[in-house]
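Student: Put together the whole structure using the sequences plus the hints.
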Amino acid sequence: MFRAFLRLGLTSFGGPIAHIGYLRHECVARRGWLGEARFAHLVAVCQFLPGPASSQLGFALGLQRAGWRGAFAAFVAFTLPSALCLFVLALLLPGLAGNAWMPAVVQGLKLLAVAVVAHGLAGMARRVVPDLPRIGIGIAAAALVLATAGAWPQLAAIVLGSGAGLVLCRGVASQDFEPLPLPHGRRTAAMLLAVWLALLLTALALPVTSAPDAGGVFAAFYRAGALVFGGGHVVLPLLQEAVVAPGWVDGDVFLAGYGAAQAVPGPMFTLAAFLGADIPLGMPAAAAAALALVAIFLPGLLLLAAVLPFWAALVRRPFAARAVAGINAAVVGLLAAAFYDPVWREGIRGPGDLLVAAVALGLLASGRVPVLAVVAWCVGASVALQAF
Numbered sequence: 177m178f179r180a181f182l183r184l185g186l187t188s189f190g191g192p193i194a195h196i197g198y199l200r201h202e203c204v205a206r207r208g209w210l211g212e213a214r215f216a217h218l219v220a221v222c223q224f225l226p227g228p229a230s231s232q233l234g235f236a237l238g239l240q241r242a243g244w245r246g247a248f249a250a251f252v253a254f255t256l257p258s259a260l261c262l263f264v265l266a267l268l269l270p271g272l273a274g275n276a277w278m279p280a281v282v283q284g285l286k287l288l289a290v291a292v293v294a295h296g297l298a299g300m301a302r303r304v305v306p307d308l309p310r311i312g313i314g315i316a317a318a319a320l321v322l323a324t325a326g327a328w329p330q331l332a333a334i335v336l337g338s339g340a341g342l343v344l345c346r347g348v349a350s351q352d353f354e355p356l357p358l359p360h361g362r363r364t365a366a367m368l369l370a371v372w373l374a375l376l377l378t379a380l381a382l383p384v385t386s387a388p389d390a391g392g393v394f395a396a397f398y399r400a401g402a403l404v405f406g407g408g409h410v411v412l413p414l415l416q417e418a419v420v421a422p423g424w425v426d427g428d429v430f431l432a433g434y435g436a437a438q439a440v441p442g443p444m445f446t447l448a449a450f451l452g453a454d455i456p457l458g459m460p461a462a463a464a465a466a467l468a469l470v471a472i473f474l475p476g477l478l479l480l481a482a483v484l485p486f487w488a489a490l491v492r493r494p495f496a497a498r499a500v501a502g503i504n505a506a507v508v509g510l511l512a513a514a515f516y517d518p519v520w521r522e523g524i525r526g527p528g529d530l531l532v533a534a535v536a537l538g539l540l541a542s543g544r545v546p547v548l549a550v551v552a553w554c555v556g557a558s559v560a561l562q563a564f
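With this note's numbering applied, the sequence shown corresponds to residues 177 to 564, in that order.
If you are wondering where the hints come from, they were derived from the structure by calculation, not from laboratory data. Please read these numbers as outputs of a predicted model, since none were measured by experiment. Any given hint could turn out to be false.
Between beta-carbon pairs, the in silico distance windows are [what the hints assert, rightly or not]:
| no. | residue 1 | residue 2 | range |
| --- | --- | --- | --- |
| 1 | L272 | F495 | 46 to 54 Å |
| 2 | A461 | G528 | 32 to 40 Å |
| 3 | T378 | G197 | 33 to 41 Å |
| 4 | L548 | R363 | 42 to 50 Å |
| 5 | A462 | G211 | 38 to 46 Å |
| 6 | T378 | L267 | 28 to 36 Å |
| 7 | A461 | L382 | 16 to 24 Å |
Using N, Cα and C, we set each Cβ at its ideal position, and we do this for glycine too.
Tutor: This is how it looks when you write it as structure tokens:
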């Protein structure tokens, strides 16, 4: 299990949707560990729940194939390569700050973030806001987040989106689901759900201060990981609120790290390793990065393991599909708000930047250009703009 997922962790470029394709090829087509129907059901569970969908899917594949040890092996192998890459970048970035070209490189990564978020936003909007009620939910969520500050408005937008979905999305159909072979039952699942909820309530209750400590950092990243619906790009507004708003990480460094996360394989959530290493915690950078990584991934994995034994019964309820439709529409609004502030406002400084980002967006939308080539375009074009 570890070898199979390490191979994926080293080669899975392209973001969460591409990761699902890689996982299907490796586990269904190549190794025959499960059938198409069961794989599709696992994908549905992971897209239904908050958290990093591709990492949750890998964890679930390991869990149903080889129990808890298989789940842990799959998760670590899939996550470790990108986490190490971003951790090393965080260590190198301060030493490169004096380089004359470094501001242009950072600006290029910020422009990459503009293109990636715009591309992700367009894809999500086409998929999850296909009608006027859901468009309205998304617009309301964006307005709420842009008009206020803090983590609570984002949570309120998700909660209100689920309520609006129950009322407005009556045409969304429920699904059927085949029970999975799992190493645990409903009693263990209930205990895991209780742990997930206790940690979330504690994280929400802790005050955010300008001087970070280990408990505050764990709470900030746990909140972000627990409230992310819709995949990797949606973690952007939550992490920005968690680490940039209180002054723990500089806004330019944050967007540069987000852009760099596009250039490495594996899950987007490993951006936490970059941010954790950059936060002045008074502990070794490796320990801070590990703390942030554990905190951001833990809620999604706990919730997935807690829900799986109950999933077959839950997904047949009509209210579940309607609530999730409303949540997804609200998430599009959150991502739209984050695209405006900070991604667009801090990334686009003039017509040249706009042209670079537009070309990058076109390359991403074509689906025929490797992500690393788009990274090279943004960085190279930004350096050329500075030179000329």
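Student: Could you run down the list of hints and mark each one as holding or not?
Tutor: Evaluation of the provided hints:
no.: 1; hint: L272 with F495: 46 to 54 Å; result: holds (52 Å)
no.: 2; hint: A461 with G528: 32 to 40 Å; result: holds (35 Å)
no.: 3; hint: T378 with G197: 33 to 41 Å; result: holds (37 Å)
no.: 4; hint: L548 with R363: 42 to 50 Å; result: holds (47 Å)
no.: 5; hint: A462 with G211: 38 to 46 Å; result: holds (41 Å)
no.: 6; hint: T378 with L267: 28 to 36 Å; result: holds (31 Å)
no.: 7; hint: A461 with L382: 16 to 24 Å; result: holds (23 Å)
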